[in-house]
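Chemist: Those sequence lines, one after another, are chains A and B. Everything in the first sequence is counted per the working numbering, starting at 92 for the first residue and increasing by one. Everything in the second sequence is counted per the working numbering, starting at 92 for the first residue and increasing by one.
The reader is advised that the hints may include incorrect statements.
Copies of the same chain are indistinguishable here, so a pair counts whether it falls within one copy or spans any two.
Unchecked claim - Straight-line Cα separation of at most 30 Å, BS3-like style, residue types lysine-lysine; simulated pairs:
{"id": "1", "residue 1": "367", "residue 2": "97"}
{"id": "2", "residue 1": "414", "residue 2": "199"}
{"id": "3", "residue 1": "97", "residue 2": "333"}
{"id": "4", "residue 1": "414", "residue 2": "333"}
{"id": "5", "residue 1": "199", "residue 2": "185"}
{"id": "6", "residue 1": "119", "residue 2": "147"}
{"id": "7", "residue 1": "202", "residue 2": "185"}
{"id": "8", "residue 1": "185", "residue 2": "148"}
{"id": "9", "residue 1": "97", "residue 2": "372"}
{"id": "10", "residue 1": "372", "residue 2": "325"}
{"id": "11", "residue 1": "325", "residue 2": "185"}
{"id": "12", "residue 1": "185", "residue 2": "367"}
{"id": "13", "residue 1": "199", "residue 2": "148"}
{"id": "14", "residue 1": "333", "residue 2": "199"}
{"id": "15", "residue 1": "147", "residue 2": "360"}
{"id": "16", "residue 1": "372", "residue 2": "414"}
{"id": "17", "residue 1": "185", "residue 2": "239"}
{"id": "18", "residue 1": "325", "residue 2": "97"}
{"id": "19", "residue 1": "199", "residue 2": "119"}
{"id": "20", "residue 1": "147", "residue 2": "97"}
{"id": "21", "residue 1": "147", "residue 2": "239"}
{"id": "22", "residue 1": "414", "residue 2": "97"}
{"id": "23", "residue 1": "97", "residue 2": "199"}
Since the hints were made in silico from the structure, they are not lab data.
Protein chains: 2
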Amino acid sequence: MTTIQKQGAAAVEAARFLSTCGTEAKNKALAAIADALESRMDEVLAANALDMQAAKKSNMSPALQDRLSLTADRITGIAQSVREVAALPDPIGKVDSVVTRPNGLEIKRVKVPLGVIAIIFEARPNVTVDAAVLCLKSGNASILRSGKEAINSNTAFADIMREAITSVGFPASCIDLIRDTSHEGANELMCLTDYVDVLIPRGGAGLINTVVQNARVPVIKTGVGNCHVYVDSKADLEMGAKIIFNAKCSRPSVCNAAETLLVARDIAKDFLPLAKAELDKMNVELRGCPETQAILGSSVVPATEDDWSREYGDYILAVKLVKDVHEAIEHINRYGTMHSEAIVTADNEAAELFVNAVDAAAVYHNASTRFTDGGEFGLGAEIGISTQKMHARGPMGLEQLTSVKYVISGSGQVR
Amino acid sequence: MTTIQKQGAAAVEAARFLSTCGTEAKNKALAAIADALESRMDEVLAANALDMQAAKKSNMSPALQDRLSLTADRITGIAQSVREVAALPDPIGKVDSVVTRPNGLEIKRVKVPLGVIAIIFEARPNVTVDAAVLCLKSGNASILRSGKEAINSNTAFADIMREAITSVGFPASCIDLIRDTSHEGANELMCLTDYVDVLIPRGGAGLINTVVQNARVPVIKTGVGNCHVYVDSKADLEMGAKIIFNAKCSRPSVCNAAETLLVARDIAKDFLPLAKAELDKMNVELRGCPETQAILGSSVVPATEDDWSREYGDYILAVKLVKDVHEAIEHINRYGTMHSEAIVTADNEAAELFVNAVDAAAVYHNASTRFTDGGEFGLGAEIGISTQKMHARGPMGLEQLTSVKYVISGSGQVR
């Protein structure tokens, strides 16, 4: 057996332990993790300093360095979020349907954990803790594999969490980290069909595509977002400008940020200047169709076909005029990534058509796409945002980390 | 574009049509299918005769010939089952949760179709119709790919269904059949990530493994069943004998039939002869552990390690003595396929332990494993039995062919 296979087999054993574990015991383990993260903060900071040193040496971009960096405050925040997960309701054991059949069999459907969840992510150390504790609270063992840029920080986090849970009687393998950060290590984890029930990749389009092409275990795709805001001919134009500014600029790097603005041709002459005035505040680069250029002038970069598919993750926005809600729907279903899509309109019929016909995890009427988030949806926490339709769609909280089991009670029935 | 890519793209278009289609329209299409199957029965019978001719020429086994063969009665039965699917409640459009957030956003979670469902199956022509109509009723487009042995029958079924739905205004591509029965055709369908939302393979372990190894689209594994009956020391022995006889013999070829009998050592001397007397009625070959042989004598074939993992699909049963419920659970979790598992006992504590700790889609207390079936569970019809934990587990009815979409209504909210 390879090291990773051994980790897989141990995770299956740990998952069996967790599947019959009560809420109180799981919460005790989570409390032990939160306490240990605070009391052993110095170890994490020392490990993170090594990662930061290497990051500087390799000229990592300031934005990525910021995501990688840990401070005492950030670690306290992470420990606090562990306590918040402990306080969430436990989804496991709930009976979500029960029927008694004419033959007297009682058939109950009960929520159970998925089992072993693998998570492959990039260089964000906080994800290590977030993912591990959401899995543990929902009764799942986790196998984490992070980018090599954060390996020292993540090893420290993993060691601390593993020791904390063993101190309250849990197998260490309820949480595990792949310490081999090579591509081979990631590939082996993606193909561990004997041990892994679900794999959740968290990261950019490159990571997601690698996983879809290489994984043999079941995958939940997350996070790639080419999101649109469509401002309809019946829109409140001020509202439209406020919404596109927020959807583009409040945090351009995240997956629920807007990448394309679609505008109904009728109101474009009035609306585009309003929108531009807002977007200029953050110096947003506009890449527009010829009609947009004709209205807004030479500051608009000509958009190419490629722009309609881009997830810029930056202060860049593609802009296109469309005839009406039908053409907007067609454009979104053609170029979108089924993440978050918004219509701004006072016309309820157009809104209804849009939310029904647009094929996406979250469809908004008169609100910013930026709300697609576990916290904003009231799930308490999220492990990612699913952009596929199988198993889970949209923000995934504890409920989305469960499966079901049928429990059938009889008195000797045969068929 | 290849032929199969074109079929995929057309299915996506058809799925968009179906996703906004009301229940009444879908039921009208189903009624048209049922009527056409009856009125064009002669075409199906003629096509099936070609398949049967080829089957005889290639010395197909009588059991498989029986599965392949269609008669007027069978086609009437298939048409009738289409009408039963039409009568089932439509899962689409149901709001399964709604919250109003402190910021005034109303967040509804609505049931929507999965989109395009691909189904790869073996030489059972009735599956063509079953699968297509369950997908259509739940608003999904289907792309079917059957074994070449049934291609004439399935082509006739597909043509009749496609013409029936176009007669009531539906795009033909709501239902499509891959007419290329080569392995290359199947492989292309498994990798159609741009068009296929979910792939459901229906068939034996060989087919399922090929799909798991080769698919790039999301897969729901179905049907491989190495099911166990454990007769506990506190069991009603008559009930135990009746249940193992039913679980093994009522239909040995199906996935919910039992393959291994586990018996608590304490009661083995009393129970095994009782069980053997029942199983002898159907000349079941017993493959036992040394202790089983010692009790039942030389008619028992010595079991090898391999026998604990076999899905015989035949009148053969592996038999093993275990110490207690704990050892039974361990054996099942080691060798089982997470399908259906039963305990026979009057000890409620042992039963509770068993149903909680055994990791399977369906766990039975004092009943036969043979009940794991959409009809028996009251789902009305099933498209397969999922043995994975992601998305669906156990019998999959219409509800399991759905996804969700979040619909968010605001009044200009930004984040």
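Chemist: All hints, please: hold or fail.
Modeler: Hint check:
1. 367 with 97: neither (57 Å within a copy, 41 Å between copies)
2. 414 with 199: between (52 Å within a copy, 29 Å between copies)
3. 97 with 333: Answer is neither; intra-copy 53 Å and inter-copy 41 Å both fail.
4. 414 with 333: Close inside one copy (22 Å), not across copies (70 Å); limit 30 Å.
5. 199 with 185: Both. Shortest intra-copy (10 Å) and inter-copy (22 Å) distances satisfy the 30 Å Cα cut-off.
6. 119 with 147: Intra 39 Å, inter 66 Å, cutoff 30 Å: neither.
7. 202 with 185: Answer is both; intra-copy 5 Å and inter-copy 21 Å each pass.
8. 185 with 148: neither (51 Å within a copy, 55 Å between copies)
9. 97 with 372: The answer is neither: 54 Å in one copy and 46 Å across copies each exceed 30 Å.
10. 372 with 325: within (26 Å within a copy, 77 Å between copies)
11. 325 with 185: between (45 Å within a copy, 29 Å between copies)
12. 185 with 367: Neither, since 51 Å and 40 Å both go past 30 Å.
13. 199 with 148: neither (58 Å within a copy, 48 Å between copies)
14. 333 with 199: Classified as between; 23 Å across copies, 49 Å inside a copy.
15. 147 with 360: neither (47 Å within a copy, 73 Å between copies)
16. 372 with 414: within (28 Å within a copy, 75 Å between copies)
17. 185 with 239: neither (39 Å within a copy, 45 Å between copies)
18. 325 with 97: neither (60 Å within a copy, 37 Å between copies)
19. 199 with 119: Within one copy only: 29 Å inside, 34 Å across.
20. 147 with 97: neither (35 Å within a copy, 49 Å between copies)
21. 147 with 239: within (14 Å within a copy, 60 Å between copies)
22. 414 with 97: Between copies only: 28 Å across, 58 Å inside.
23. 97 with 199: Classified as neither: same-chain Cα gap 35 Å, cross-chain 43 Å, threshold 30 Å.
In this structure, the hints that do not hold are numbers 1, 3, 6, 8, 9, 12, 13, 15, 17, 18, 20 and 23, in rising order.
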